[in-house]
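Enquirer: The residues making up each chain are set out below.
Number of protein chains: 6
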Amino acid sequence: MKSSPSATRAPIEYADASEEVRAVYDDIMATRKIDWVNNYWKVLAHHPPTLRRMWANSKEVMGPGALDALTKELIYIAVSVTNGCRYCIASHSAAARNKGLTPEQFSELVAIIGLANETNRHAVALDLNIDELFR
Amino acid sequence: MKSSPSATRAPIEYADASEEVRAVYDDIMATRKIDWVNNYWKVLAHHPPTLRRMWANSKEVMGPGALDALTKELIYIAVSVTNGCRYCIASHSAAARNKGLTPEQFSELVAIIGLANETNRHAVALDLNIDELFR
Amino acid sequence: MKSSPSATRAPIEYADASEEVRAVYDDIMATRKIDWVNNYWKVLAHHPPTLRRMWANSKEVMGPGALDALTKELIYIAVSVTNGCRYCIASHSAAARNKGLTPEQFSELVAIIGLANETNRHAVALDLNIDELFR
Amino acid sequence: MKSSPSATRAPIEYADASEEVRAVYDDIMATRKIDWVNNYWKVLAHHPPTLRRMWANSKEVMGPGALDALTKELIYIAVSVTNGCRYCIASHSAAARNKGLTPEQFSELVAIIGLANETNRHAVALDLNIDELFR
Amino acid sequence: MKSSPSATRAPIEYADASEEVRAVYDDIMATRKIDWVNNYWKVLAHHPPTLRRMWANSKEVMGPGALDALTKELIYIAVSVTNGCRYCIASHSAAARNKGLTPEQFSELVAIIGLANETNRHAVALDLNIDELFR
Amino acid sequence: MKSSPSATRAPIEYADASEEVRAVYDDIMATRKIDWVNNYWKVLAHHPPTLRRMWANSKEVMGPGALDALTKELIYIAVSVTNGCRYCIASHSAAARNKGLTPEQFSELVAIIGLANETNRHAVALDLNIDELFR
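Chains as they are written, first to last, in this note's numbering: chain A, 9 to 143; chain B, 9 to 143; chain C, 9 to 143; chain D, 9 to 143; chain E, 9 to 143; chain F, 9 to 143.
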């Protein structure tokens with residue numbers, strides 16, 4: 009069994025990117041006020057429609073709204089930890105720290121994620137009926 | 009195959025509870041400033057050490073701290089949705105609403121949970137390397 | 009959008025089953041020393057090769073071995089709770105009770121499942137290195 | 009705490025394998041028309057009944073049928089990504105490429121997996137009722 | 009604890025929908041060549057930006073491309089089963105049947121999903137190294 | 009985007025630990041009759057209330073009870089494999105081996121975990137009704 013084409017996709021750097029891809033990279037950096045693009049986007053760039061689509065989604069969902077920017081990152085991390093996605097935990101923890109997450113808040117976040125995972129399984133194991141007042 | 013003892017555990021109501029269990033119920037109601045106890049605790053009550061232990065955990069983790077009470081509930085919901093726990097979604101959504109969650113915020117919460125689940129899988133599928141700046 | 013053929017598969021009862029399917033049902037009942045077959049097998053019966061294959065797997069994996077029959081059921085339940093499979097929790101909890109599971113043991117099982125789910129997420133959130141002595 | 013016996017199981021190479029194990033390896037190579045065996049089987053080989061059983065399962069389920077060979081691999085990858093199994097993603101992506109998966113198809117596969125994971129959580133978060141026409 | 013506002017979101021019917029929402033509903037029906045809209049969209053409609061965004065995503069990802077329409081549905085179902093999303097399984101199984109899924113193909117789909125979930129856990133339990141030829 | 013403070017938490021060694029943290033470490037070592045503390049606790053130590061709380065939980069749940077010590081570890085491993093937590097699999101597999109787990113038993117454990125994950129998905133895919141005798 010010969011593995012071809014190559015199994016992994018190398019990140020596409022700005023210098024090597026098409027106009028279409030560069031336009032997205034530029035918008036990512038401008039929106040985030042940073043001067044680099046992380047691997048998620050640089051690997052998605054192998055399929056420009058997905059790169060464009062996901063950036064549009066991310067910009068809309070994670071942009072200014074009714075929830076503040078740090079809270080949005082905490083929700084993202086809670087999902088990423090529960091799914092066991094190391095990349096996403098690393099990238100969104102960095103984002104959260106840059107938005108002001110303190111070590112104490114991070115410790116509480118981890119504790120809540122753990123507790124919720126525990127009680128989720130209790131509720132399922134015990135096949136709990138939903139209380140009338142919660143409906 | 010005869011299923012015995014009975015497969016499900018009926019909630020233990022206050023009137024039928026032991027002193028030990030009532031003490032926990034009383035503390036739950038006093039802490040939450042409400043006059044009822046939800047099914048999670050009333051079913052855990054079949055095993056008083058677990059009831060006591062889990063209430064102590066919940067009180068400590070979800071009590072006042074570096075994260076505000078509503079943010080804590082949003083983290084809880086994000087985990088519960090990702091795990092597919094209907095009971096926990098219902099109970100913590102009710103708690104969040106009582107702590108001020110607006111419909112607009114709820115909509116954003118659901119959108120973020122969805123997006124994070126999507127990008128988590130992208131990151132895994134593409135076997136992304138963690139960027140140096142995230143380490 | 010018309011949903012056809014019918015969306016769900018009705019259990020195939022013994023009276024309506026082919027010879028091939030009846031042979032599996034007979035072996036299930038003989039092996040388990042019971043006089044009925046549960047829905048899992050009766051729905052799998054729509055695809056006899058899968059019915060036959062899964063019963064052979066189940067018989068081999070859950071049959072006598074180095075782990076006792078009750079322990080095997082507890083492992084099964086732990087997985088089923090973590091995956092949130094209500095059917096499997098119900099069926100294997102019944103099996104466990106018939107193999108002697110006590111209410112106290114069930115309570116401990118639920119507590120361990122919950123704790124493991126909690127610490128699993130802690131370990132991932134904190135990106136722990138595996139200790140040398142565990143390798 | 010001394011970790012013994014050794015924590016990990018080294019792959020059992022053909023030269024070191026028993027007759028029973030070699031017979032399975034031979035069938036794997038003949039069926040797949042390749043001249044090597046991947047680690048999954050070489051580690052399962054520590055327990056020959058499981059090696060034999062899993063190969064029989066794999067051969068039956070992934071062999072010729074009503075779905076074509078490439079489609080079967082895409083389904084396998086979709087599950088493996090959702091479960092976060094790096095080994096299985098790598099092995100079945102290689103298999104898919106050898107069965108003709110194009111880079112464009114791979115990109116679409118990843119996009120669908122992501123979208124499904126997203127909408128799955130939306131459906132759970134919103135506790136959707138199943139439409140009559142879907143039943 | 010009073011649960012307000014109401015815990016669940018009723019589907020928004022066409023007759024009660026805003027112009028913005030109706031435009032999406034119209035496009036869903038036109039694209040799918042059907043005369044109704046399923047609950048997923050009717051509940052998302054409580055937050056029109058999410059309705060619009062998710063429909064645009066769905067239309068792009070599930071529309072014509074390098075993978076055929078039925079294969080796309082099978083991938084969707086594989087994810088939905090692995091995540092335990094009943095709504096998504098029901099809706100995409102209906103879609104798959106309308107795109108020609110046969111009962112035999114459905115049985116094979118279920119078998120592959122099951123097998124992949126099984127071997128995913130084996131690979132993780134045994135901490136397999138990825139073979140060089142898969143890299 | 010500058011990642012600060014540092015992204016990962018180094019284990020806190022005994023020599024560098026506060027009195028409060030040392031007291032927990034001492035109890036861990038005394039309870040387990042070993043002379044070292046594993047990384048889970050040494051990283052949790054950055055937040056002493058969580059360290060204290062989790063150790064109390066672990067000691068109570070995993071301590072002597074109605075289930076024997078080895079069975080408790082097998083349940084823990086079953087959850088950890090299903091969640092894909094490499095650290096927890098390594099640490100609890102080591103614990104299980106020290107409590108007498110044989111290679112044969114480990115192989116059976118892995119086989120049961122795999123089978124349960126497979127049938128869990130079958131049950132969900134087929135939307136099985138729970139048999140009356142299981143209720």
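The set of hints was computed from the structure by calculation and includes no laboratory data.
Take the hints with a grain of salt, since some may be wrong.
Residues on chain C that point at chain F, a partial pick, calculated with CB under 8 Å [said to hold, decoys possible]:
{"id": "1", "residue": "D24"}
{"id": "2", "residue": "I36"}
{"id": "3", "residue": "M37"}
{"id": "4", "residue": "H55"}
{"id": "5", "residue": "A74"}
{"id": "6", "residue": "K80"}
{"id": "7", "residue": "I83"}
{"id": "8", "residue": "N106"}
{"id": "9", "residue": "A119"}
{"id": "10", "residue": "A124"}
{"id": "11", "residue": "N125"}
{"id": "12", "residue": "N128"}
{"id": "13", "residue": "V132"}
Pairs of lysine-lysine, BS3-like flavour, derived with a Cα cap of 27 Å [stated by the list, open to error]:
{"id": "14", "chain 1": "C", "residue 1": "K41", "chain 2": "C", "residue 2": "K107"}
{"id": "15", "chain 1": "F", "residue 1": "K41", "chain 2": "C", "residue 2": "K107"}
{"id": "16", "chain 1": "E", "residue 1": "K67", "chain 2": "A", "residue 2": "K67"}
{"id": "17", "chain 1": "A", "residue 1": "K41", "chain 2": "A", "residue 2": "K67"}
{"id": "18", "chain 1": "B", "residue 1": "K107", "chain 2": "A", "residue 2": "K107"}
{"id": "19", "chain 1": "E", "residue 1": "K41", "chain 2": "D", "residue 2": "K107"}
Using C-beta positions, here's what the derived DEER-type ranges look like [to be verified]:
{"id": "20", "chain 1": "F", "residue 1": "D76", "chain 2": "D", "residue 2": "N137", "range": "43 to 49 Å"}
{"id": "21", "chain 1": "D", "residue 1": "M37", "chain 2": "E", "residue 2": "A31", "range": "33 to 39 Å"}
{"id": "22", "chain 1": "F", "residue 1": "A64", "chain 2": "E", "residue 2": "E27", "range": "55 to 61 Å"}
{"id": "23", "chain 1": "C", "residue 1": "T110", "chain 2": "E", "residue 2": "A23", "range": "54 to 60 Å"}
{"id": "24", "chain 1": "A", "residue 1": "E28", "chain 2": "E", "residue 2": "E112", "range": "40 to 46 Å"}
{"id": "25", "chain 1": "B", "residue 1": "K107", "chain 2": "E", "residue 2": "E27", "range": "31 to 37 Å"}
{"id": "26", "chain 1": "C", "residue 1": "E27", "chain 2": "D", "residue 2": "E28", "range": "41 to 47 Å"}
{"id": "27", "chain 1": "C", "residue 1": "T110", "chain 2": "B", "residue 2": "R40", "range": "30 to 36 Å"}
{"id": "28", "chain 1": "B", "residue 1": "R143", "chain 2": "F", "residue 2": "D24", "range": "20 to 26 Å"}
{"id": "29", "chain 1": "F", "residue 1": "I42", "chain 2": "C", "residue 2": "E21", "range": "44 to 50 Å"}
{"id": "30", "chain 1": "C", "residue 1": "R40", "chain 2": "B", "residue 2": "K107", "range": "49 to 55 Å"}
{"id": "31", "chain 1": "E", "residue 1": "K67", "chain 2": "D", "residue 2": "G108", "range": "25 to 31 Å"}
As the structure is a prediction and not an experimental result, all values here were calculated from the model.
For glycine and all other residues, C-beta sits at the position ideal for the given N, C-alpha and C.
Enquirer: A separate judgement is required for each hint: does it hold in the structure or not?
Expert: Status of each hint after checking the structure:
1. D24: Given a least distance of 17 Å, the restraint on D24 (chain C) is violated.
2. I36: violated, 13 Å
3. M37: It is violated, given that the least Cβ distance between M37 (chain C) and chain F is near 13 Å, above 8 Å.
4. H55: Violated - the Cβ of H55 (chain C) stays beyond 8 Å from chain F, reaching only about 10 Å at its closest.
5. A74: holds, 4 Å
6. K80: holds, 6 Å
7. I83: OK, holds: I83 (chain C) within 8 Å of chain F, min 5 Å.
8. N106: violated, 10 Å
9. A119: holds, 5 Å
10. A124: The hint holds - A124 (chain C) has a Cβ within 8 Å of chain F, the shortest such distance being about 4 Å.
11. N125: holds, 6 Å
12. N128: Cβ of N128 (chain C) sits 4 Å from chain F, so the hint holds.
13. V132: Where the cut-off is 8 Å and the nearest Cβ of chain F is about 6 Å from V132 (chain C), the hint holds.
14. C:K41 to C:K107: holds, 13 Å
15. F:K41 to C:K107: violated, 34 Å
16. E:K67 to A:K67: holds, 19 Å
17. A:K41 to A:K67: holds, 13 Å
18. B:K107 to A:K107: holds, 23 Å
19. E:K41 to D:K107: This hinted pair is violated, its Cα atoms lying about 34 Å apart.
20. F:D76 to D:N137: 43 to 49 Å: holds, 45 Å
21. D:M37 to E:A31: 33 to 39 Å: violated, 58 Å
22. F:A64 to E:E27: 55 to 61 Å: holds, 58 Å
23. C:T110 to E:A23: 54 to 60 Å: holds, 57 Å
24. A:E28 to E:E112: 40 to 46 Å: holds, 43 Å
25. B:K107 to E:E27: 31 to 37 Å: Holds: the Cβ-Cβ distance is about 34 Å, inside 31 to 37 Å.
26. C:E27 to D:E28: 41 to 47 Å: violated, 33 Å
27. C:T110 to B:R40: 30 to 36 Å: 33 Å Cβ-Cβ, so the 30 to 36 Å window holds.
28. B:R143 to F:D24: 20 to 26 Å: Holds, at about 22 Å.
29. F:I42 to C:E21: 44 to 50 Å: Between I42 (chain F) and E21 (chain C), where Cβ atoms are some 57 Å apart, the hint is violated.
30. C:R40 to B:K107: 49 to 55 Å: Because 50 Å falls inside the window, the suggested range holds.
31. E:K67 to D:G108: 25 to 31 Å: Because 27 Å falls inside the window, the suggested range holds.
Of the numbered hints listed earlier, those contradicted by the structure are 1, 2, 3, 4, 8, 15, 19, 21, 26 and 29.
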